[in-house]
Every structure is written in C-alpha cells, then in structure tokens.
Amino acid sequence: MTPTIETQTLEVNLGPQHPSTHGVFRMIATLDGETVVKLKPVMGYMHRNHEKIGEGLTYIGCFPYTDRLDYFCAMTNNFGLSLAIEKLAGIQVSERGEYLRIIMAELTRLVNHTAVTGFLLNDMGAFGTPLLYAFREREKILDLFEAASGSRMMCNYVRPGGVREDVPQGWLDRAREVVREYPRFLDEFETLLTKNEIVRQRTQQVGILPKALGINASVTGPMLRASGVDYDLRKVDGYSIYPRFAFRVPLGTVGDVYDRYYVRILEMRESVKMLEQALQEIPAASPGISPKGQAIGKAPRTFRPPKGEAYGRIEAPKGELGFYLVSDGSPQPYRYHIRAPSFINLTVLEELCLGHKVADAIIILGSIDIVLCEVDR
Amino acid sequence: MLPAPHELKQTVEQLLPGVSLTLEGDLLLVAAHELAAVCRCLKEHERFHLDYLANLTAVDYPPTPASGGAGRIEVIYHLYSMAEKHGPVALKVRVPRSHPAVPSVTPIWRGAEFQEREVYDLFGVIFEGHPDLRRILMWEGFDGHPLRKDYVVEDQDALEER
Chain A
536 MTPTIETQTL EVNLGPQHPS THGVFRMIAT LDGETVVKLK PVMGYMHRNH
586 EKIGEGLTYI GCFPYTDRLD YFCAMTNNFG LSLAIEKLAG IQVSERGEYL
636 RIIMAELTRL VNHTAVTGFL LNDMGAFGTP LLYAFREREK ILDLFEAASG
686 SRMMCNYVRP GGVREDVPQG WLDRAREVVR EYPRFLDEFE TLLTKNEIVR
736 QRTQQVGILP KALGINASVT GPMLRASGVD YDLRKVDGYS IYPRFAFRVP
786 LGTVGDVYDR YYVRILEMRE SVKMLEQALQ EIPAASPGIS PKGQAIGKAP
836 RTFRPPKGEA YGRIEAPKGE LGFYLVSDGS PQPYRYHIRA PSFINLTVLE
886 ELCLGHKVAD AIIILGSIDI VLCEVDR
Chain B
22 MLPAPHELKQ TVEQLLPGVS LTLEGDLLLV AAHELAAVCR CLKEHERFHL
72 DYLANLTAVD YPPTPASGGA GRIEVIYHLY SMAEKHGPVA LKVRVPRSHP
122 AVPSVTPIWR GAEFQEREVY DLFGVIFEGH PDLRRILMWE GFDGHPLRKD
172 YVVEDQDALE ER
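Residue numbers (this note's numbering), protein chains in the order written: chain A, 536 to 912; chain B, 22 to 183.
Read the hints as simulated data drawn from the structure, not as lab findings.
Built from N, CA and C at the ideal position, the CB exists for glycine as well.
There could be a bad hint or two in this list.
25 Å max Cα-Cα, derived DSS-like pairs, lysine-lysine [said to hold, decoys possible]:
{"id": "1", "chain 1": "B", "residue 1": "106", "chain 2": "A", "residue 2": "842"}
{"id": "2", "chain 1": "A", "residue 1": "892", "chain 2": "A", "residue 2": "730"}
{"id": "3", "chain 1": "B", "residue 1": "106", "chain 2": "A", "residue 2": "770"}
{"id": "4", "chain 1": "A", "residue 1": "770", "chain 2": "A", "residue 2": "746"}
{"id": "5", "chain 1": "A", "residue 1": "587", "chain 2": "B", "residue 2": "106"}
{"id": "6", "chain 1": "A", "residue 1": "746", "chain 2": "B", "residue 2": "64"}
{"id": "7", "chain 1": "A", "residue 1": "842", "chain 2": "B", "residue 2": "170"}
{"id": "8", "chain 1": "B", "residue 1": "106", "chain 2": "A", "residue 2": "746"}
{"id": "9", "chain 1": "B", "residue 1": "30", "chain 2": "A", "residue 2": "842"}
{"id": "10", "chain 1": "A", "residue 1": "808", "chain 2": "A", "residue 2": "675"}
{"id": "11", "chain 1": "B", "residue 1": "64", "chain 2": "A", "residue 2": "770"}
{"id": "12", "chain 1": "B", "residue 1": "113", "chain 2": "A", "residue 2": "587"}
{"id": "13", "chain 1": "B", "residue 1": "106", "chain 2": "A", "residue 2": "622"}
{"id": "14", "chain 1": "A", "residue 1": "573", "chain 2": "A", "residue 2": "746"}
{"id": "15", "chain 1": "B", "residue 1": "30", "chain 2": "A", "residue 2": "622"}
{"id": "16", "chain 1": "B", "residue 1": "113", "chain 2": "B", "residue 2": "64"}
{"id": "17", "chain 1": "B", "residue 1": "113", "chain 2": "A", "residue 2": "842"}
In silico contact screen, one side only, chain B against chain A (beta carbon under 8 Å); selected entries [said to hold, decoys possible]:
{"id": "18", "residue": "62"}
{"id": "19", "residue": "74"}
{"id": "20", "residue": "76"}
{"id": "21", "residue": "80"}
{"id": "22", "residue": "103"}
{"id": "23", "residue": "106"}
{"id": "24", "residue": "130"}
{"id": "25", "residue": "131"}
{"id": "26", "residue": "132"}
{"id": "27", "residue": "134"}
{"id": "28", "residue": "136"}
{"id": "29", "residue": "157"}
{"id": "30", "residue": "158"}
{"id": "31", "residue": "161"}
{"id": "32", "residue": "167"}
Next comes chain A alone, as it looks inside the complex:
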C-alpha cells in the first residue's frame, strides 16, 4: 500500500503593496505547493473616477488628467483624446501638427517598451541593472519631452487640431541625434537579453496566450501580436498620417512571455525607422500659423462640439486606447469613457497563470505591461 500525504491548497495575497505588482494591485492566488491553481485579480485601489471628473470639465480640461492615466505614455493618451474630439467635432489637423504627433507617439512607444522590458527583468530577479540601462535611455527621450512640452512625464502636449505649441528651435536636431543613437542601445540590450540562457529559461513556454483566446478576450497591442494576430491599428485604421510610413508589424509565434518581450524589441526597431522618416519629412513651420491656431486652440472654454457621439481609438504602446465621447452641445462632455488597454488585457491573467509556479505569475503579470493608474482610472 502506498502511503498518502494529506495536502491542502493555500491562499496567498500577492499585493496590493508589493514591488512586483507595478502599483497597487492584488492577486489572490490559490496555490497547490508552488503551483497556481486559481488566481483572482483585485483592482480599484487607484480608482478616482476619472470619467466622472471628466464630465465636469471642458474638453480641453480633460487633457491634463489623461496624462495621469498611463503615466509612461502621456503623449499617446493626449493623442487618443484629440483623435476622438476631432472625430466628434470634425476638426482638421495641420500638417506639421500631424508629424509632431507621430514623432511624439513613436518616442512614447520607445519609452514604454524600454521601461517595460527593464521592469520585466526586475520581476525575473535581475534587480536594478537592466532597469537602469533602460532608464538611462528613457531619460534622453524624457529630456526631449521636457524641451517640447515643459514636463518630462505629464506632457499635456497634443491638442485637437495639432499640438499645443511648436517645438523649440534645434529640437528636431536633438531628436535626430537621440533616434540615431537608439539602435546602438537596442543592440546592447539585446546582446544582454535576447539570447541570454537565464532569460530564455524563465520566459519561454511560460504564460502562453492562445490566438483564439486573445481575440475573444479583446486583448490588444504587443501582447496580442506576440500570439501571432496581425492587428495593429496604425495599419488597420491608418489614422493620422501613419499610411505614409513604411513599417512592419512584428508578430510572435508562440505567445509566451519571451515572445511578448521580443515583439516589443522589434516594435522599437520599427519605431526608430518611422522616427527617422518623420524627422526627415516634417515640413517647416508655416509662419504666422501655429499648429493649434487652425483649430480650437484659441478659445478652448467656448469650444462646443455639435451633439453626437464618437469613438476614437489609437494604437497606444499597451494596446488599443479608445475614447468614447457623447456631446450634448455644451462645453463639457456628457459622457467621457476611456477604453483602457491594460485594464482589458488583464482579463486573461488567470488563464495565463494557471499551472505555472507562483514566481512565473509575477513575470506573466510583468509581461502584460500594466499601469495601475490606467487600469483603475
């Protein structure tokens, strides 16, 4: 007769205060030994009801609040809201404004993907070093943001019809310099990580997201593309002036943590290409017309879009960032809803973690790339 040992499962609270949860986020994990058998995410610790606040503000007044959604990607958050307002009110965007937006959006993608890769390594136990390499590069781009908008992270820069103000003199040359140097950093980063045996051991075949589940669960962004679904809004919607740019959409094959890491690296390389093209093609400022002057920049307080509703979406670094606006003809939005990519990407967290060790649950969460200010809104 074989002796049997009585076992029982153990319920563990991961978070809300824990460095690996990227903010205040809690996972109630049920463990059998070290294996995750059930996992329930708990969120809302940062909830401030951004949408309710937005209903009491003017359309332009909402912009500084969007900076604080996903604080790595203030520029793309502004961009998303601008796009929805332009759709609602039928505003044309100036040519130089379009280019500046694309430049800012792609720089933001570099910032986000660099930082998330650094944090992912942190989650794997490589404390500090990879993250500092990432932050060193991120800082150069944040300097550019500061020169253009006055703030490193809370940029509040993109506006309906263009951008808030033109970039200062010499900014484009500085940007070209940063973009020229970036591939060298990526090579360095990849040398350390892509073929690193420990990284591969930890990430390959971990947290696989099947293609069908990804689509069905409305997962978007690099996370979906790592599972091999070719869906990039820059190509699909072709919003702004993205159709003018030559870039490829990197796709993963397995859909594990490693693919999510590598798709982001490849996306950065494509962004560098786009930035080179945009910085070369950007038209000179037309004298006397500021990028904002053509639209509503002059009198934001009296800006009233016509009655109606619009859903505007962009490919933010984390996935589809959508803004749903309902206007009743007053200066304030009647309804202001944000479709937050990292909130919805969390839907599949439990499926990805089941059957893996609790240490893997941490890197799976890291590979989803969430920012809690955006999840909770």
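Place chain B on chain A using the hints.
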C-alpha cells in the same frame, strides 16, 4: 467589406426572423431580449465576422421635465473584426433606469467580462448570465453607482471640517 449600416440591419433581420432593429444614425438599436441572438449572428456569420468587442460602456439619461418617465440607460457596444479588419458596428441597448437589466455578452466575447463588471459597478446595470458579476473598481459594500447623473459626489471640504 462590411455592409453599410442599413444593409447590415436588413441582413440581420433576414437571418434572424422575428428580430427587428432600429437604425439611429450609424448605430443599431437592439431590444434587450434580442441582444444575445444579434451578437451571436454578428460574431459568427461570415458576412460580418465581428470577432472583437472593442468597447463596452453605458450612458445614463435621467428623466428630464421634457421627456418625463423614468429615464433610461443606454449600453453601447463597439464591434470590430480582427480577421477581416473591418468595423466598427456600434450597437445600443436601451433599458429603463429603474430596472436596468441586459443579457451578458461575456459568453460570446470574453473581453466583455471586466467591462460589464465595470458598467455594473458604476451604473448599476445588471448583466444577466455574467459568470462573476461583482463590483470591480469600487469596493464590495459601496452604496450607489457613481457614474449615474444623479449620484451626489461627497463634499471634500465638509469631510475636512467634521
């Protein structure tokens, strides 16, 4: 290619006898009890193949002196197709504010799970058939639904004085 909204309406009505949709601008207004059938048809029929629920949210319209009645809540669905790369199709369900109940689309699109919980949390809409309908952003035991227009936001200054 996705058919134009009025053709789409006709096609769905032909495919699902007994279902009648109303066109409001580019939006399709669906009756709550027909929602699941319409969604399944839009997702599965090869003409549409809308496999991706991008956005799900609600808007509150409390009664006004002009409209009278009990007011209404509208639940909005924005559907796209990842396979065919087309869309959007916007659906709208209108329910009375006093008893807002809508069938859940989570069995059709998993992506609705958290979004329906959010709408339940902030608007009080009951999604019938949702596997795990709990509050998601506010805490359990919280009273009220903050995104309803008549929700009274607590006075921050008054709290400090107390």
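Structure-based check of each hint:
With a CA separation close to 29 Å, the supplied pair residue 106 of chain B and residue 842 of chain A exceeds the 25 Å bound. Of the pairs offered as hints, the one joining residue 892 of chain A and residue 730 of chain A holds, with about 23 Å between alpha carbons and a cut-off of 25 Å not exceeded. Among the hinted pairs, residue 106 of chain B with residue 770 of chain A is consistent with the structure: their alpha-carbon atoms are about 10 Å apart, no more than 25 Å. Pair hint residue 770 of chain A plus residue 746 of chain A holds up; C-alpha atoms about 19 Å apart against a cutoff of 25 Å.
At most 25 Å may separate the alpha-carbon atoms for a hinted pair to count; residue 587 of chain A and residue 106 of chain B exceed this at roughly 33 Å. Restraint check for residue 746 of chain A and residue 64 of chain B: satisfied, since their Cα atoms lie roughly 16 Å apart, inside the 25 Å limit. Taken as a hint, the residue 842 of chain A and residue 170 of chain B pair is honoured in the structure, with Cα atoms around 18 Å apart against an allowance of 25 Å. For the hint linking residue 106 of chain B to residue 746 of chain A, the alpha-carbon distance of about 16 Å falls within 25 Å, and the restraint holds.
At roughly 24 Å between alpha-carbon atoms, residue 30 of chain B and residue 842 of chain A fall within 25 Å of each other, so this suggested pair holds. In summary, the hint linking residue 808 of chain A to residue 675 of chain A is supported, as the alpha carbons are separated by about 18 Å, within the 25 Å threshold. As the CA atoms of residue 64 of chain B and residue 770 of chain A are separated by approximately 22 Å, the hinted pair is consistent with the 25 Å bound. Only pairs whose Cα atoms come within 25 Å are accepted, and residue 113 of chain B paired with residue 587 of chain A is accepted, the gap being roughly 21 Å.
With a CA separation close to 20 Å, the supplied pair residue 106 of chain B and residue 622 of chain A stays within the 25 Å bound. A C-alpha spacing of about 22 Å is found between residue 573 of chain A and residue 746 of chain A, which places the hinted pair at or below 25 Å, so the restraint holds. For a cut-off of 25 Å, the pair hint linking residue 30 of chain B to residue 622 of chain A stands: about 24 Å separates their Cα positions. Distance hint between residue 113 of chain B and residue 64 of chain B is fulfilled; the C-alpha atoms sit about 16 Å from each other, no more than 25 Å.
Between residue 113 of chain B and residue 842 of chain A the alpha-carbon distance is near 17 Å, which keeps this suggested pair within the 25 Å criterion. Interface restraint check for residue 62 of chain B: the shortest CB-CB distance to chain A comes to about 17 Å, outside 8 Å, so the restraint is violated. Annotation: interface hint on residue 74 of chain B holds; nearest CB of chain A at approximately 5 Å, less than 8 Å. Nearest Cβ of chain A to the Cβ of residue 76 of chain B: about 4 Å, under the 8 Å cut. The hint holds.
Hint status for residue 80 of chain B: holds, given a least beta-carbon distance of 5 Å to chain A, under 8 Å. Satisfaction of the interface hint for residue 103 of chain B is found here, the shortest Cβ-Cβ separation to chain A being roughly 5 Å, below the 8 Å cut-off. Hint on residue 106 of chain B holds. Least Cβ distance to chain A is approximately 5 Å, under the 8 Å limit. Given hint, residue 130 of chain B at the interface with chain A, holds; its Cβ is 6 Å from that chain's nearest Cβ, closer than 8 Å.
A hinted interface residue such as residue 131 of chain B counts as satisfied when its beta carbon comes closer than 8 Å to some beta carbon of chain A; here the least separation is about 4 Å, so the hint holds. Given hint, residue 132 of chain B at the interface with chain A, holds; its Cβ is 2 Å from that chain's nearest Cβ, closer than 8 Å. Checking residue 134 of chain B against chain A: minimum C-beta separation of about 5 Å stays under 8 Å; hint holds. At a threshold of 8 Å, the smallest CB-CB gap from residue 136 of chain B to chain A is about 7 Å, leaving the interface hint in force.
Hint on residue 157 of chain B holds. Least Cβ distance to chain A is approximately 6 Å, under the 8 Å limit. Interface hint at residue 158 of chain B: satisfied, since its Cβ lies 4 Å from the closest Cβ of chain A, which is below the 8 Å cut-off. Interface hint at residue 161 of chain B: violated, since its Cβ lies 10 Å from the closest Cβ of chain A, which is beyond the 8 Å cut-off. Taking 8 Å as the C-beta cut-off, the interface hint given for residue 167 of chain B holds, the closest approach to chain A being about 5 Å.
In this structure, the hints that do not hold are numbers 1, 5, 18 and 31, in rising order.
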